[in-house]
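J.: Based on the hints, put chain B in the right spot on chain A.
Chains as they are written, first to last, in this note's numbering: chain A, 141 to 524; chain B, 141 to 524.
Quick caveat, the hints were computed from the structure, so don't treat them as lab data.
All clues stand as given, with none of them false.
Because identical chains cannot be distinguished in the list, a pair is counted as satisfied if it fits within a single copy or across any two copies.
No farther apart than 30 Å at their CA atoms in a straight line, the calculated lysine-lysine pairs in the DSSO-like style are these: (1) 382 with 171; (2) 271 with 312; (3) 352 with 262; (4) 264 with 319; (5) 464 with 492; (6) 351 with 505; (7) 377 with 297; (8) 505 with 515; (9) 351 with 262; (10) 264 with 377; (11) 505 with 417; (12) 312 with 325; (13) 312 with 148; (14) 271 with 351; (15) 264 with 352; (16) 211 with 181; (17) 262 with 297; (18) 351 with 264; (19) 352 with 510; (20) 319 with 148; (21) 510 with 289; (22) 382 with 325; (23) 377 with 262; (24) 352 with 271.
Listed below, chain by chain, are the residues.
Number of protein chains: 2
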Amino acid sequence: MSNKKASKVTPYEVSGKIDYDKLVKDFGVRKIDDVALNEIKKYTGDLHFMLRRGIFFAYRDLKWLLDKYSKKEKFFLYTGCGPSGPIHLGHLQTWIFTKWLQDKFDVELWFQFTDDEKFLFKDKSMEEISKWTYENMLDVIALGFDPKKTHFLIDTKHAGLMYPEAIKFAKKITFSTIKAAFGFKDSNNIGSIFYTSMQAVPAVIPSVLAKKNIPCLIPLAIDQDPHFRVARDVYPKLGYYKPAILHGVFLPPLEGVEGKMGSTGQQTAIYTTDTPKEVERKIKKYAFSGGQATIEEHREKGGNPDIDVSFLYLKYLFEEDDAKLAQLEADYKSGKLLTGELKQYLIDKINKFLAKHQKAREKAKKMIDKFVYSKGKKGKGKRK
Amino acid sequence: MSNKKASKVTPYEVSGKIDYDKLVKDFGVRKIDDVALNEIKKYTGDLHFMLRRGIFFAYRDLKWLLDKYSKKEKFFLYTGCGPSGPIHLGHLQTWIFTKWLQDKFDVELWFQFTDDEKFLFKDKSMEEISKWTYENMLDVIALGFDPKKTHFLIDTKHAGLMYPEAIKFAKKITFSTIKAAFGFKDSNNIGSIFYTSMQAVPAVIPSVLAKKNIPCLIPLAIDQDPHFRVARDVYPKLGYYKPAILHGVFLPPLEGVEGKMGSTGQQTAIYTTDTPKEVERKIKKYAFSGGQATIEEHREKGGNPDIDVSFLYLKYLFEEDDAKLAQLEADYKSGKLLTGELKQYLIDKINKFLAKHQKAREKAKKMIDKFVYSKGKKGKGKRK
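The following block holds chain A by itself, in its conformation from the complex:
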């Protein structure tokens, strides 16, 4: 053990400087290499910038999944959202990538809103959580998912469907396992202990409904992997495929490269409902800079894009153009581009994105019924 502050990555705490190579080893996942990228490209034609840039950097069972796909066995996508507050940029990263996967592979998406989880882990009432479920659904819809191919599962609303499956997972998972995976104690509430079974379930719901095995691909931020690591042994025991997973890195918080946006202890995430002024203020005031103390020094020594949060937000989310990104990086390193200029570039990018998103978010209010799963909605395009 070294002296440096230990990092922690569980679904319930992300802190410290994240060593992704160590996570790959500790979690027992595979790093995405050129071979894996080429495998994906065979089906997608091009590669999403999050793949090209290593934002989605690791996987489980991906080759198995693509092999199934090549044999006309279509998979479905499963990802989710824990509704306990407003959506920030950190949430969007996985969902933007998920939408690309849906479009490229032309597959269904099952999107879970873990309102039970948030109720059980946060000091919030169910009423408050339900309000956030509604608000968060608007953000997901606003990203442009195809309602014909997208089904929202809300844990409490769909408990009739999910709980009977969850107990099958729960029966095969001990509290010892949960303790080891999530760091829980005897003082944890018994709902939080059970919860991971509910998160395991959407990966089999389409198979349960279709009464046949359908492969599943889960894009997620890597802190969510322990849920599936715990459940992985169980899927085959219940007669299902193990889900394939694509793991994303964390969008850093504004204040610097440790932890993740929105994790405990930092209050300055950028939310999808922020005004242009708020975005400007937050970036200017809080975005950690890789630049030098003075303009003169910056011109002379240049900045460090690897720790500059504005640059990282462009790399992770807002500058799709590789050539433009490379130019920004070079200019920043050389000192030609000042931190203030880089920040302004990012502010404009974010505000352009949010203007469009906020419009779509308003329109989404009328579309919720098209997304929330109901028996009658089963299958493509059918509505209750």
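T.: Just chain B now, with coordinates in the frame of chain A:
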């Protein structure tokens, strides 16, 4: 600690010689005294023989409940069944008493089938448990409950209604509490740890549906009390009344007065589907006798009804007539009545009961829909 074999009473193990006075103290319940009996009698006119004979012997919050009732605030009854095998006489005891309560107080009964519990605690598949749920429902219906006032809740089937309420209980119960109440370990599966929340829920479901507080009375065998002891603090925190409880003793197994019928380790319970021959064989072969080794000795010394299982079955379940029971007791004690004669008397009683029950059980097959709760069925008599 004495040397004698320790008794154990939890929902998951009943063993040893039960000291009910000690349970009253350990569980913190009140013993039913003459004052309590007179309180009940004010509303019921007479007292069920199980009350007169101390078969239902303890309570929680009964006086509070009757006070509410006297002010026209009707309660509802809640009891249940863990469907993992055939129904035996031990199960019937609580339900027969519950039916009397329903009739006397003219109240609704919510009857829970804890199929999730049995799945999580037993080495049985959900298919097998579901088969027993169906079979067990027939036995409950056969006892003559009023379908207009009786609602079956099946945990997996009604999870959509129950799980969102269960997590509210679960949030306020730690694993430490569960360990202490049920003797669980870290090796318990996480579904079993969560389960007690599901058993807490039916005591509030009518209040949830009516959107107002309705008092609840739970008749149960005392081994089920720990579920509610754990949840009692939680009910008021969620804005509900604590349920009142009436506690029954255990019908002893055929082999003797330790443990309870149907608990682990004894295989000779009398089932509702037994033929007259089977009943006769089981009683004659296994029913523990309080009599003497030879007829001569019995005539001389007399038998001991307190440990004679046949006598106890008559007292607990099959001889409603107090005078007749007293006669049997006196004759057995004096040696006038032989064990074989007592057994034959019981066999006839049981077989008469079962003949009627088995007919009613056949008819019940067409009545299940009238009992299983559905939204449309809400309120008296309405059917979907």
